[in-house]
Each structure stands twice: as structure tokens, then as C-alpha cells.
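**Q** Sequence:
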Amino acid sequence: MPELPEVETIVRNLRKPLIGRRIISMWYDWEKTIHSPEPTDFAARITGQTIQSINRRAKYILCELNHDVLVIHLKMTGRLYVADAGVVHDADRWVHFQLDLDNGKQLRFSDSRKFGKVYLTNNIETITSKLGPEPLDDSFKQDDFLLRIRRYQRTIKSLLLDQTFIAGIGNIYADEALFRAQIHPQRQSDTLTNDEIQRLYGAIRNALNAGIDHEGASINWYRKPDGSKGASQDYLLVYGKADQPCPRCGMSIKKIRVAQRGTHFCPNCQK
DNA sequence: CGGACAACCTGGCGGC
DNA sequence: TGCCGCCAGGTTGTCC
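Letter 270 of the first sequence, counting from 1, is numbered 270 in our numbering, and no numbers are missing.
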């Protein structure tokens with residue numbers, strides 16, 4: 001579900017209610033949600049620590065504590081929100097991990113498909129070391145992207161989805177970026193011209209920034225921590241628009257399968 | 001190396 | 001209504 005813009009929105013919204021809060025206790029009802037360490041160790045270690053800062057790397061949420069980092073990956077259907085203990089929330093029926101805080105509130109991790117994971121580690125590199133560059137970082141330059149793309153001979157969409165190539169792009173924003181760059185999702189990366197790569201670099205950043213500006217896309221499961229929907233889905237250009245007119249040329253948007261993922265594009269605009 | 005596919009899970013939706 | 005098949009914003013491991 002959540003890609004870079006959705007995770008970034010969640011991180012921004014969690015800072016105020018969580019930073020400075022001390023963790024009193026931990027609860028879970030689905031063992032596999034706890035990636036590592038073992039639940040007993042996890043609970044013992046996290047109890048008593050205070051949340052210092054909250055950041056994002058790729059699609060991971062990183063909560064820096066006194067001695068560890070609490071890492072959360074929402075996968076397809078994960079939601080995070082802070083609620084008063086005892087107060088019922090819409091998504092509670094899928095909560096599988098929860099932290100009690102020192103102000104009577106709780107951080108709840110709801111995840112209907114149970115793909116999401118939480119980690120507690122004092123060495124974040126064990127989780128993030130293989131991730132590619134952050135597309136919105138100032139340090140991510142157009143030339144770096146070009147050199148990087150030249151190392152592969154792959155279908156361009158599968159490359160964009162590869163978190164070791166570039167971090168944070170998922171199925172929605174891959175389609176959106178390729179449309180903005182007017183590149184066909186099935187193009188082989190080694191056939192892209194320098195000009196096309198240049199366009200793609202800008203298109204990725206524009207698509208992701210638009211997603212953040214609209215606080216994420218709530219097509220199905222994604223919600224902001226306050227429970228409300230993002231608006232990004234109302235501004236998507238091709239994702240989910242099969243058989244609808246292309247916003248650029250008016251021709252019908254097509255849906256095909258690329259890299260085992262539903263893929264939306266304009267056959268007229270994207271070559 | 002790159003692509004295909006299964007696995008991990010549940011819910012929503014369209015079709016009959 | 002009920003049931004069935006299909007689809008879903010992600011990642012990982014295996015096989016060819």
C-alpha cells in the first residue's frame with residue numbers, strides 16, 4: 001500500500017504525538033509481525049525507552065529511541081495511529097502490535113493482511129544497507145541516476161520498483177513517473193537515451209513530490225495517522241485509470257502486466 | 001544477471 | 001444472498 005509519499009506523510013504526522021513519549025509496555029497478537037528480536041526480548045528492550053526522533057528511509061519508518069531504533073514497515077495494508085487507551089478506532093480490528101505510552105495514549109499498528117513487520121535494532125545498517133538512493137534527497141543528482149541506470153539491462157518499470165536501485169518507489173508512483181517521462185513501462189533500461197533518463201529523473205521527483213503535497217494516495221487501505229484519507233488518488237494521472245482518457249492526449253489508458261504488477265500507461269504518449 | 005513465480009495473508013468487488 | 005475467482009499500494013526466496 002504505502003509508498004514513499006504515504007510513509008513520509010505518516011512520519012510527519014507521528015512526530016508531534018510521539019516524540020518525547022516514553023514506552024511503558026508492548027502488546028502483540030501475531031508473532032510474525034515481530035521480525036526481530038524475539039517478542040520477549042523485544043518487549044523487555046523497548047520498555048522504558050523514550051522516542052527521540054522519527055524519520056523515513058525508503059518505505060521504512062525509523063523511530064530513534066534511547067538505545068535502539070524501532071523500525072516499522074507497513075507493507076501492503078499497515079496503518080499507524082495514536083489513540084487514547086480504551087478509545088475505539090475504525091482500524092482496531094486489525095491491530096496486531098501496540099505500544100502503551102506514558103501519557104495514556106497508545107501507538108497502534110493495524111495491518112489486515114499481516115505482511116507488516118516491526119524491528120528493534122541498535123544497528124540500522126543491518127536493515128538499510130542495501131537500499132538505493134533517496135530520490136528526493138539533495139544528494140541524489142541527475143548524473144548519479146544516469147550512471148546508476150547504465151549498470152543494468154532490465155525492464156525499466158522493474159528497475160524503478162527495485163528498492164536496491166532507488167528507494168521508495170512502488171507500483172503507483174512507478175506508473176506515474178513513467179507517464180510523466182513519456183517512457184513505456186516495458187522499455188529495456190539500456191535502450192533509454194540520455195534525454196529520456198534526464199526526463200525520468202525529473203518525473204520521479206515530480207510524481208513523488210505531488211504525492212507528498214497531497215498527503216498520500218488513499219485508494220484502498222492507506223490512511224493518515226488521524227484516520228483521514230490522503231488526496232493524492234484524486235491527482236493521479238494514469239494509475240487506476242484503465243480505459244479512461246489520457247490527460248495528455250485523450251487516448252484510452254491501457255492496463256497491462258509488467259513485472260507481475262498491474263501497469264497503467266498511455267500507448268500513444270509513452271514510447 | 002534478469003525474469004517468472006510462489007509465498008506470506010485478508011478483504012473487497014464483480015460476476016453468476 | 002452466497003459462493004468463486006480475481007485483484008490489491010510490498011518484499012523475499014527459489015528456480016531456470
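Where hints are given, some of them may not hold.
List of simulated lysine to aspartate or glutamate pairs, EDC-like, C-alpha gap at most 16 Å [unchecked claim]:
| # | residue 1 | residue 2 |
| --- | --- | --- |
| 1 | K105 | D92 |
| 2 | K130 | D92 |
| 3 | K229 | D213 |
| 4 | K105 | E134 |
| 5 | K16 | D102 |
| 6 | K105 | D226 |
| 7 | K224 | D92 |
| 8 | K16 | D162 |
| 9 | K16 | E64 |
Calculated directly from the structure, the hints in this document are not laboratory data.
**Q** Each of the hints needs a verdict: does it hold here or not?
**A** To see whether the hints hold, each was checked on the structure:
As the CA atoms of K105 and D92 are separated by approximately 14 Å, the hinted pair is consistent with the 16 Å bound. Straight-line distance between C-alpha atoms of K130 and D92 comes to about 34 Å, which puts the hinted pair past the 16 Å bound. Straight-line distance between C-alpha atoms of K229 and D213 comes to about 13 Å, which keeps the hinted pair within the 16 Å bound. For the proposed pair K105 and E134, the alpha carbon gap of about 32 Å is over 16 Å, so the pair is violated.
Between K16 and D102 the CA atoms are separated by roughly 15 Å; this keeps the pair inside 16 Å, and the hint holds. Straight-line distance between C-alpha atoms of K105 and D226 comes to about 14 Å, which keeps the hinted pair within the 16 Å bound. Restraint check for K224 and D92: the C-alpha separation of about 15 Å stays at or below 16 Å, so the hint holds. Taken as a hint, the K16 and D162 pair is broken in the structure, with Cα atoms around 32 Å apart against an allowance of 16 Å.
Taking the CA atoms of K16 and E64, the gap is near 14 Å; set against the 16 Å cutoff, the hint holds.
Hint violations for this structure: numbers 2, 4, 8, all remaining hints satisfied.
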